[in-house]
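Here is what each chain is made of, one letter per residue.
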Amino acid sequence: MEIDSGDTAWVLASTALVLFMTPGLALFYGGMVRAKNMLAMLMQNIFAMGLMAVLWVLVGYSIAFGGTNDWVGNFDFVAMKDVGMEVAEGLTIPIILFATFQMTFAIITPALITGATADRFKFSAYAVFIAVWLVVVYAPVAHWVWGGGWIFDLGALDFAGGAVVHINAGAAALALAILLGKRRGWPREGMHPHNLPLTVLGTGILWFGWAGFNAGSALAANGLAAQAIMNTFIAASSAMVAWTIVEWLKDGKPTTLGAASGAVAGLVAITPCAGFVGTGSSMIIGAAAGVLCLLAIGLKTRFGYDDSLDVVGVHLVGGLVGALLLGLFADATINEAGADGLFFGGGAELLGKQAAASFAVLAFSFIVTMIIGKLIDVTIGLRVDEDAEEIGLDISQHAETAYSFSGIASMDRISYDRDLEGS
Amino acid sequence: MKLVTAVVKPFKVDDVKAALKAVGVTGMTVQEVKGVGRQGGHAEVYRGAEYKVDLLPKVRFDLIVAPEDAAAAVDAIVEAAATGKIGDGKVWVTDVDTVVRIRTGERDAEAV
Chain A
0 MEIDSGDTAW VLASTALVLF MTPGLALFYG GMVRAKNMLA MLMQNIFAMG
50 LMAVLWVLVG YSIAFGGTND WVGNFDFVAM KDVGMEVAEG LTIPIILFAT
100 FQMTFAIITP ALITGATADR FKFSAYAVFI AVWLVVVYAP VAHWVWGGGW
150 IFDLGALDFA GGAVVHINAG AAALALAILL GKRRGWPREG MHPHNLPLTV
200 LGTGILWFGW AGFNAGSALA ANGLAAQAIM NTFIAASSAM VAWTIVEWLK
250 DGKPTTLGAA SGAVAGLVAI TPCAGFVGTG SSMIIGAAAG VLCLLAIGLK
300 TRFGYDDSLD VVGVHLVGGL VGALLLGLFA DATINEAGAD GLFFGGGAEL
350 LGKQAAASFA VLAFSFIVTM IIGKLIDVTI GLRVDEDAEE IGLDISQHAE
400 TAYSFSGIAS MDRISYDRDL EGS
Chain B
0 MKLVTAVVKP FKVDDVKAAL KAVGVTGMTV QEVKGVGRQG GHAEVYRGAE
50 YKVDLLPKVR FDLIVAPEDA AAAVDAIVEA AATGKIGDGK VWVTDVDTVV
100 RIRTGERDAE AV
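So the protein sequences, as listed, match chains A and B. Here the first sequence stands for residues 0 to 422, numbered as in numbering that gives the first Met the number 0. Here the second sequence stands for residues 0 to 111, numbered as in numbering that gives the first Met the number 0.
Honestly, the hints are just simulated from the structure, not real lab data. Some hints here could point you the wrong way.
As the list claims (entries may be wrong) - Counterexamples of contact, computed for chain B against chain A with all Cβ distances above 10 Å:
1) V29
2) V44
3) E49
4) V90
Unchecked claim - Residues of chain B clear of chain A, computed beta-carbon distances all greater than 10 Å:
5) M0
6) R59
7) A69
8) W91
9) V98
10) G104
11) A108
To be verified - In silico lysine-lysine, DSSO-like type, Cα no more than 30 Å apart, as pairs:
12) K20(B) / K89(B)
13) K20(B) / K33(B)
14) K252(A) / K33(B)
15) K33(B) / K16(B)
16) K181(A) / K33(B)
17) K89(B) / K16(B)
18) K33(B) / K51(B)
19) K1(B) / K16(B)
20) K1(B) / K84(B)
21) K1(B) / K181(A)
22) K1(B) / K51(B)
23) K84(B) / K181(A)
24) K16(B) / K181(A)
25) K1(B) / K20(B)
26) K89(B) / K51(B)
The C-beta atom is built at its ideal place from N, Cα and C for all residues, glycine as well.
One chain only, chain A, in its complex shape (with noise of 0.2 Å):
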């Protein structure tokens, strides 16, 4: 095929849009933590917007996306060897573009862990850790599903990473959440978010990012991506709506923080049904999230691990409800490279495959990372000292402070006359 200036501008947009959700994943997380530990969280997905992308070029590419091997893909593609502009295999854009798209996929899968370590993660281990777990797990399982591998020959559907981006960041999560161990005052201190605000915000941004990420995914510009769109943004609507009144009848307020987590509920189950299921369905599916992660955001407590801003409860379970539910609503009339799902004359079998796909995503990315987790602990190890924490990481581990709204800071420059003397 011939490249398509259409379906290229596309995809470049949606490049765009997806690489976006970063900084936005970034405020919405950052607004949920103590002040103290604002410019950490921010740091944590920035950092990933450069080292995510150069290892993305450098190997991770190569590993998702060379050859077709069961498991993880080969050398081919490293430091973007081969992969320039000419068209791409069975596409219409050029196969530098698909490889940019990808990248951005790359760096917020990462980030998104960062919400369940909040607060107490050493920057240093953060760093060696997202970067090995790029080229160990997500590399790996983006080779599986989207490569290739054996999820893609199973004939799995996962439309834009609901296993490969969301199942596979939430077990992460999870493994992290209890290697770290609880931030010092969990549950018992009250750690309310300091800037609800720029929480709201930063859903608005992953939302409108979210356009990009699902309907960018059809790698298109036609009938498929628009009804991605459609489905992405019903899908985090009903969501919000149906979080809010399950909220409101169960904790007697409908809140703020509740409304904005409920959006990003649905957008995560819609994630992988998003270019295989119709309108009505997409309503339900995140209807369905945006109540089961309400309820699964309990859990943490009930079990005692500290998933400090719900990762688990939002990304993995998000995931898994929407990974099985399109074993259920999946039509091939929308997309004839899907199947039909169990309501829609297709029996239980695609429902048994997305089964089987996201446990063996769950299950591979929290053992790998558990045992990532362990060896950078007892290297570096993963978690600042006790007055790093009370102090901040701001401070403890940039050297910054987030709000400086005070006529009395009192600072002085130490290196001030230094630097005269350099001049």
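Got chain A sorted already, so can you dock chain B onto it with the hints?
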């Protein structure tokens, strides 16, 4: 009447509040303040420019108690706020001339 004032580390606020409640003190005023003592400060760096920040965040408690309750309140604060490390803060007690509860006009012992 006595005014008990304490300046403590911010993460000790909940402990101090609970300890005061345990000795029967239910009313207090709390402020976020900044202070400098023997603890010194920390360095911050912005684009290579290094700054010494010596005014550190602390929390100040003010509570008014009957004279006979002041010692218990002070002990409760000291025990709850102590970490043994430099920078734990201070407690001091001052005499108060008059206390009035605005809603009822009650004075002194009845007003605390």
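Results of checking the hints against the structure:
1. V29: 13 Å, holds
2. V44: Nearest chain A Cβ is 4 Å from V44(B), so the label is violated.
3. E49: 4 Å, violated
4. V90: 20 Å, holds
5. M0: The claim holds: M0(B) sits with its nearest Cβ about 31 Å from chain A, beyond 10 Å.
6. R59: 14 Å, holds
7. A69: 28 Å, holds
8. W91: 21 Å, holds
9. V98: Check passes; 30 Å lies beyond 10 Å.
10. G104: 35 Å, holds
11. A108: Consistent with the label, A108(B) stays out of reach of chain A, its closest Cβ about 33 Å off (over 10 Å).
12. K20(B) / K89(B): 19 Å, holds
13. K20(B) / K33(B): 25 Å, holds
14. K252(A) / K33(B): With Cα atoms ~36 Å apart, K252(A) and K33(B) exceed 30 Å; violated.
15. K33(B) / K16(B): 19 Å, holds
16. K181(A) / K33(B): 28 Å, holds
17. K89(B) / K16(B): 15 Å, holds
18. K33(B) / K51(B): 15 Å, holds
19. K1(B) / K16(B): Given pair K1(B), K16(B) holds - Cα atoms ~18 Å apart, limit 30 Å.
20. K1(B) / K84(B): 28 Å, holds
21. K1(B) / K181(A): Outside the cut-off at roughly 40 Å; violated.
22. K1(B) / K51(B): It is violated: about 37 Å lies between the C-alpha atoms, which goes past 30 Å.
23. K84(B) / K181(A): Holds, at about 23 Å.
24. K16(B) / K181(A): 23 Å, holds
25. K1(B) / K20(B): Within the cut-off at roughly 17 Å; holds.
26. K89(B) / K51(B): With a Cα-Cα distance of about 23 Å, the restraint between K89(B) and K51(B) holds, given a limit of 30 Å.
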